[in-house]
Amino acid sequence: MSQKNQTHVTFFIIKGISEVPGLQVLVFFLVLLLYLITLSGNLTILLLVCLDKKLHNPMYFFLGNLSILDVFSLSITLHKILFTFISGDKTVSFLGCMAQMYIFSSLTCNELLMLTAMSYDRYVAICNPLHYHMVMNRRVCALLAIICWVLGFIEVVPHMWAISKFTCYKSNEINHYFCDILPIMKLSCSDTTILKLVIFIEGLLLVSFTPFLFTFISYIYIIATILQITSNIGRRKAFYTCSSHLTVVIILYLSLVCQYLRPTSTDTLDSNKVFSLFNTAAVPVLNPFIYSLKNKDVKLSFRRQLKSLKSLKFASL
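Residue numbers for the sequence shown, in our numbering: 847 to 1163.
Treat the hints with care, as some may be off.
To be verified - Here are the simulated distance ranges between beta carbons:
#1 Pro867 to Cys1035: 28 to 34 angstroms
#2 Ser933 to Leu1073: 56 to 62 angstroms
#3 Trp1007 to Asn1078: 39 to 45 angstroms
#4 Pro975 to Ile1047: 35 to 41 angstroms
#5 Lys1153 to Leu989: 34 to 40 angstroms
#6 Phe931 to Tyr978: 29 to 35 angstroms
#7 Leu889 to Ile1069: 31 to 37 angstroms
#8 His902 to Gly942: 36 to 42 angstroms
#9 Asn1078 to Glu865: 54 to 60 angstroms
For the record, the hints were derived by calculation from the structure and aren't laboratory data.
Computed from a predicted structure; not experimentally measured.
The C-beta atom is built at its ideal place from N, Cα and C for all residues, glycine as well.
Generate coordinates for the entire structure from the input sequences, incorporating the hints supplied.
Spelled out as structure tokens, the structure:
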């Protein structure tokens, strides 16, 4: 299957993060540790948002959705590394590879859109606080979340349509740890002009630039409003309410730029794996810590839930 000009591929071989035999155990445990930390951190935030009534507001509603996205995104990309170490099977079917690529791309789009919705929430909270609860009511929040989820799964359909038109591959060995668009494009000996055009127009402009533009404009208004506050305490408090979200936005967009918009001269599959690992693993790990460490409400909620558990434990005794 590694011969040139293959006309039909029924399965791919995932090379993984490293092919050095001595590093396989280390890679497995590092990936497992990242996965467990991400799973526990995001599920903790999700449980707090669901159980604590004081967190039943738009900001934490969107944060709960973001936690779900992070868990799914990490699970869909890293599960093959863990499965390969246990079973030794590095193969993935063609349909399985396409499904993984579609789901991961959709979840990435969902996250960008969800962060845009969160920026709008912060804009209303800072720039129009008197009407915040009227503007960001439950119906509006639910509608924004539904739009983000639906658009995220629709926006990547043109990518998948273009990739499905590939008729030959140079090899069936993917130098990556999951099925991603760039490694598949490099494997194909078909004409990728249409796919590159689709990625530029639909992927770069609509999926990435448009959410970034709305987020950027929101923060221009937010910063302008904060600067108009005369009290230093008021300015710090206003900035504190959106600092966690702004930190997550900066980290995510920087990781995506490093992964997909680097110069061609520096675009190698090995370097792409490093940036991709940061995007798919490090960012979901950082998100719950950023929101918990920089957010008093989350920390207080965690303490309240611990006290409740202790009370229930003593009551049962």
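Hints, verified against the model:
{"no.": "1", "hint": "Pro867 to Cys1035: 28 to 34 angstroms", "result": "holds (31 angstroms)"}
{"no.": "2", "hint": "Ser933 to Leu1073: 56 to 62 angstroms", "result": "holds (57 angstroms)"}
{"no.": "3", "hint": "Trp1007 to Asn1078: 39 to 45 angstroms", "result": "violated (54 angstroms)"}
{"no.": "4", "hint": "Pro975 to Ile1047: 35 to 41 angstroms", "result": "holds (38 angstroms)"}
{"no.": "5", "hint": "Lys1153 to Leu989: 34 to 40 angstroms", "result": "holds (35 angstroms)"}
{"no.": "6", "hint": "Phe931 to Tyr978: 29 to 35 angstroms", "result": "violated (49 angstroms)"}
{"no.": "7", "hint": "Leu889 to Ile1069: 31 to 37 angstroms", "result": "holds (33 angstroms)"}
{"no.": "8", "hint": "His902 to Gly942: 36 to 42 angstroms", "result": "holds (39 angstroms)"}
{"no.": "9", "hint": "Asn1078 to Glu865: 54 to 60 angstroms", "result": "holds (55 angstroms)"}
Going down the numbered hints, you'll see the structure goes against 3 and 6, while the others check out.
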